[in-house]
Every structure is written in structure tokens, then in C-alpha cells.
Amino acid sequence: MLKRPSLSNQNCYHCGELCEDELINFDEKPFCCNGCKMVYEILNENDLCNYYDLQNSPGINLKNRNYEQKFAYLENKEIQNKLLNFSSKKLNKIVFSIPSIHCSSCIWLLEHLDRLREGIITSRVNFVRKEVSIDFNPEIVSLKTIVELLATIGYEPEINLQNASKSKSKKENRKLYLQIGVAGFAFGNIMMLSFPEYFGFEGLDDSVRMFITYINILLSLPVVFYSASGYFSSAYKGLQQKYINIDVPITIGVVALFVRSLYEILTQSGPGYLDSLAGLIFFLLIGKWFQSRTYESLSFERDYKSYFPLAVARVAENESEMVQITELNEGDIIEVRNQEIIPGDAELISDTASIDYSFVTGEAETIQKNQGDYIYAGGRQVGSTICLKIKKAVSQSYLTQLWNNEAFNEENTYDSLINQISKYFTLVILLIALISAGYWYFVEPSHILNSFTAVLIVACPCALSLATPFTLGNAMTILGSNKLYLKHINVLEKLWNITSIVFDKTGTLTKSEEAKLTFEGEELSSQEVSLIISLVAHSTHPLSRAIAKHYNDTAVFASVVNFKEIEGQGLSAIIEKSLVQLGSAKFIGAQVDESNSTDASRVYAKINEDIKGYFNIRSSYRSGLSALIQRLGNSYNLSVLSGDNASEEANLKPIFGQNSTFAFNQKPEQKLAYIADLQAKGEQVLMLGDGLNDAGALKKAEVGFAVTEDVTAFTPACDAIIYGKNLTELSRYLSFAKQSKKVILVSFAISFLYNFIGLSLAVTAQITPLFAAILMPLSSITVVAFATFAVRFLAYRHKLV
Amino acid sequence: MNVIIVLISISIIVAGGFLAAFLWAVRSGQYDDTYSPSVRMLFDEKKKKTKKNHPKG
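Just so you know, the sequences run in chain order U and H.
Just so you know, we're using the numbering used here here: the first sequence kicks off at 1 and counts up by one.
Just so you know, we're using the numbering used here here: the second sequence kicks off at 1 and counts up by one.
Source of the hints: derived by calculation from the structure; they are not laboratory data.
Even for Gly, the Cβ is constructed at its ideal location relative to N, Cα and C.
Mixed in with the good hints, there may be bad ones.
To be verified - One-sided and incomplete, this derived list gives chain H residues near chain U with beta-carbon spacing under 7 Å:
1. 10
2. 41
3. 43
Said to hold, decoys possible - Now the in silico label distances, taken between C-beta atoms and shown as ranges:
4. 16(H) / 799(U): 48 to 54 Å
5. 25(U) / 24(H): 51 to 57 Å
6. 368(U) / 28(H): 38 to 44 Å
7. 788(U) / 25(H): 44 to 50 Å
8. 50(U) / 28(H): 25 to 31 Å
9. 209(U) / 28(H): 37 to 43 Å
10. 28(H) / 269(U): 21 to 27 Å
11. 23(U) / 24(H): 32 to 38 Å
12. 25(H) / 659(U): 54 to 60 Å
13. 10(H) / 799(U): 52 to 58 Å
14. 10(H) / 732(U): 41 to 47 Å
15. 139(U) / 16(H): 55 to 61 Å
16. 25(H) / 368(U): 37 to 43 Å
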């Protein structure tokens, strides 16, 4: 077939995308759609074109967006109160989360909102969190107007009641910074004050020496009681659950260090080990900070609540009012407008509806529904306003029920490698301490306490506990630069043991937007193609658009008479005196050849009385998929789950080979059950999916990856987010993750070696403060340096950097 | 009193001042967003004065 280059090779001045379907010239600048042009106009009018000077084409593409009425619920006072951080007569404060913030121009524009709309007082962006906080005067401008303004200029905020809970993690992060600051301050000063001691200055007065040691005690108090407090409480919690985590030996070491130092200083028998103590906690906290770095702007926790609207219009006695969706009851009549989400399972009262389930299933085509049909929650109405009668409350609906499954309440029973080791480590250390104390009891009783505490001090697993955060933290950063964003470093640990990979089909293996189109039948003349294209040009149905896109170089006839679109069946019109019909076999009156029916979406074409054939439209698989599957197939069991019928099995078989399992017509609960089945067989499962219908399976699996074309778009709750384009590199990422385990094991070995050296000196009661002050940082730095370089090297070997 | 005790005291107090500055900086949220201030300071504010159409406060 002919394939003409796109309409122009100009890039949109606003969003930078190629002007493929449409080219609008305005103000001597090219724009790809009306949305982009409109934003430019708004900015131009308000003297805000600085936006375009800071970055080239910074805008957000506005194709296929429609905001009419979408934010009506923001007029509800109750909802406003929940969203606003502060409200008074003349001043309201609100924080919006806007995922599309991406460059300095965004910051500039969003901080100049006051010039776009009167009543906005100030606006300030937090780029890292992708948030903007806006102060406005509610007497002049309403919340709804502001949100609409943001949406029209391409920065649609993500509004849900979950956002409020985010501020907690911010405070925790600040606390960690404070703890590190205090520990670092004390570490530096104590070390400096201890220098005379290290070098054995004899010239110091005893009064000065005492003064210094008391200052050291003073400096170490905030370190022990503030900076290290997290380790104590974590160890205590662990012991309460009869579980020895890595914080237990750390706590023992810290307490031993502190008590022994106090004893030595107060009895003036020695200078103590306070510098080692402060240093130890400082390094540990740095490891903790490294571990806690996450992709703050990405959300890994979204459930259906963040996807459903906050409120919906309920019709009661001819009046409609906005009510929160949690207050909807069975039997309520609701109105759902264009682009709004249907919040609960319902029965259609209006004549027809076309529902887009793409968020739920990943399927891009809209589905036609007729009066009386049962409509599942989660679909998006496309077209005119429809009326529905709620059949089930929101939390009980087909889709949301998934969240009532116990998989969503399960405690995280995952045991990290370091905690598995710490159990034995702690016991061995205590044993060694007791044995050496017992030995000295018989040989030289004055050494008992000395060697007992020295063992506990030297064995404090500082280097050991730094190995994991630095290895995996670096690995996570490297994967992030390859567009695989992990929620937490322990996801990597879970990846080590994966034995089975389960793929969702639509949106994961296939690209939801692009369809593969072939024409089966007698070859069409260019005249006939033109007739067909003229017909589909009048329809917005996805199949029509797919056909139009396939022949986007063909001339279109202007005279289209008697155009009819019968929903769910097909199109017909009289063009150039020919009756052109497109649609299902039944609509056309074609005999379906049952034998080779693969059930892929077929559109039959009929011109006058002549059935020309049919368009075969099937979703296209990602390029490079079969190579990926081959590589993965060697080391993992593979399965494919699909909500669709089995029509694609014939296409999947050659890609996946004979050893893979396929399951079709899977409901969300069945997907979850499939994972549970695999787990019952002892498999550790990695699930890849994209829609809300995969949410249960993603949660149930040991590791759930959400696949997305755009990280700012909606993704269900998951352990990691991966770009669709990078999916074909999955085998490399997994192999990289697996090899990172070796780095950790070697790091463990290094720190055990240091421990061994230290212990052999400690049991013989030879350890000195200077030796401890050198050994502890040295071991930590070696382990951190090794972990960092080894991971970089691994990444280089896997071509990830 | 030994002069070194005075000097040590002063040095600790000076260092404590920097610690206090750091604690203040963290608490006031300066570490929450480490990117936008670097961009914000480059924005040209000149044009704003030509158009005065918003009430302050």
C-alpha cells in the first residue's frame, strides 16, 4: 500500500510534536492542533511568551482532550473543603499535583498564573514533587475556574483525596536530613577534639583532657538520643515480634559503645570511643538516606480511588446535585457527561452510550451500549451526557471489588537478605563475646568487661548494613535512567528469586494505539479507496480512524449524501452516486466464512452491490518482542493473560513457543487467582500489566511492573513502572538485577573480613580507641566504594550506562 | 583557665551556629525541592511591571 510521508515535517511550536494529521499556521508558527494553538494564543495575549524562550517547544500536547464539564464537582463545598489546605473569605490555599510538569518553562508559566487570571495571588512550583501550590481569592476566582485554566494550558492537575496523605513522607525525609546533620556535626567535632588523644600528645593538662572528654559526651548525647533513635525503635519493634533484624546488632553495638565510653570517661580510665560512635551513626544514616531516595514524583500506590472522580451528578426529583461517589446508593440515578468516568456498576437509562474502557483493559476501542445494558464501573463515556441507574455501590462494583480481595490487605512478609543474615550474625557475635568473657574470667578477670564490650563494638555491622543500600541504590538509579522506575530498592531483591513471568496482553505486549490493518479481498482501485475514505472521514469510531490513518494520502470526495452511522454495526452513505457501506458482516449482508474466522476486528466493505472484502484490524505487537521472549524463555516460565477472547492465540504461539501458557477471557479476579495458583506451585512471579484490571494480579505477584507509554499517565498500584518502549529490554534489566546480588554477597564478604580482623583483636583485648576510629570508617568506605564501582561495572557490561 | 579551653569553646559555638543554620534550612523546606530555585532565579521579571492587573493580598 502507498505510504505517504506525514502532512508536513514541521514540528509544533508549542509541544514539539510532528504535525502529522493537521497543520495550523498561526502567527507564522506551526501548530499541530487547535489545543496547542489556543494555549499559544492565551500566552501571547497575556505577554507570557517567555515560556517559549526558556525551552524549545515546552508545551504539552493537547490533542484529544476535552475538559467541558469535567470539573463541575469542584463546586461542591464539601469537596472543596477536603482539597483546600487553608480557606478564609479572601484567601484560599491549595496544592495540586501536576504530573505533566517537566521543564523550566513549566515552572515559569505556572508561577505566573496570576497574570492569566485575576484572583490568583501567588503560585509556586515544587519541581521534584511535581506540585504547584496556589493562593487565590475565592471571591474573584473559583477553584473550578483555576483547575479549568490549568487544564486548558496543558497542566491538568490530578485531583483525589489521596493526595493529602503525601505530606507525611515529606516530614520523614526532613527528619532524616536533620538526623544526618546532627550526627555529621558531632562526628566532625568529636573527631577533631580527639586528635590529641590519637597522636598521644603528652603536653596536655589533665584539666584540658577532661574538658575535651566532657564536651565529647555532650556532643554525643543528641547523636545517641536523636540521630540513632530510629535504630532503637526498629530493633525494639523487631524483638517484640520475636524477630532479629539488622537494627538489633546495630543497637547492641551503639549501646556498648556509649556505655563503655561513659564508663571510661567518668572513671577517667580512658578517652572512650565517642568518635567511632558518632561516625558509625553518621555512616549508617547516609546509607539510610541513600536507601530512601525514591521517585517522589511518580505514584506507585494509585488504586481506583485516584482514578474515579470525586463526585458525580445525582438526579433526584428533576434536580441534579453533585454528591461524592462514596455516598452513592443502589437505585440512584446519575448523569455522566462526556469524558467522565462511570463510578459504579449501573444500568443504562439513556438510549445509547459509547464507553471507552482503555484505563481498565488497555483496549483502545470504544464499546457501544444500548438502553438497559449493564455497564461496569471504570469506563469513560465518550459523547453526549448519559443517564445511569446505579446497581451496586462503588466499593462493591465489578472492578473495585478487586480491592476487597485479601491480597490488598496482606502484610508484607518479605524478608530482606540482610535481615536473614542478621539473625545468625547477632547470635554468633553474642556467642563470641560470651566465650571471650569466659576465657578472660579464668585468665585475667580484669579484662572481662573490656573484651566483652570490645567484641560488641567491633562487630557492629556498619559496613554490612551499608552494602545493600549502596549496591541496590546505585542499581536503581541506573535502571531509572533506562526508564524502569522502581518503587523501592527491595524490589530488586525480590527480582532475584523470580521464576515465572506473566504478561498481560493488551497494552503490554501490544501497543494500544497502533493497529495493524490489512485488506483481504479483491484489490481496491484508488477510486474505491477514495470512496471508503470519504465515508470513514465522517465517523469518529476508532476502527474508522484506523482505516483513515492507513490511507491518509488519499483524496477525499466532498459530496457525501445520506450519511448514516448505525452504532455497533456500520456506516453507509451515497458518495459520487455509489452506495458505500462499511461494517460488520451482518450489516453488509456478507456470508461469513466460518472456517478461517479469527475473530479479529473485521470491517467489511461494500460498494453498490459488490462486497469488496474486509479490513482485518488487529493489534500490533511491540517490535523486538519475539527476541525478548526467546531470551526470557530460557530462564523463566512465561504466561500470557488476556481479557480478550482467544483470537490472538494463533499470533501469540509463534512468538512464545510451545512451553508458555495462555489464558484468555480472564476477569480481574481470575488474573489474581492465576498468580495465586502459580505461587501455590512454589513459583515467584513477576507480573507485567497496564490496566486497572491487572491491579489485583500486580499486587498479588511478588513483583508487579506497570507498563505505560507515558509515566505521567495513570498506572495502577505496582512495584515498578516501565516505559512500553523499554519493555523489550526487560531481559537485560532482569539479568542486571540478578547479578547485583553477587555484588552484595562480595560486599558482605569484605565487611565480614574486617569484622574478623577486628574481632581477633577484640577477643585478645587489644583494641584501642584509635584503632576503632580507623577500622570503622575504613571498612564502611571500602564497602561503599566497592558496591558503587561494581554496580557501575555490571551496568557497563549490560550496556545500561 | 587554660586558653585552649576558651578556644575550643568558641570553635564549638561557631560550629554550632552552622549546625543551627542547617537545621533551620531543612525545617524551612529548602531541601524539599532542589531543582526549581536554580531555575527560578534566572527568570526575567521585567515584563511584569508593564501589566498590573491583579490585586495583591
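**Prompt:** Which earlier hints can't be squared with this structure?
**Reply:** 1, 2, 6, 7, 10, 11, 14, 15 and 16
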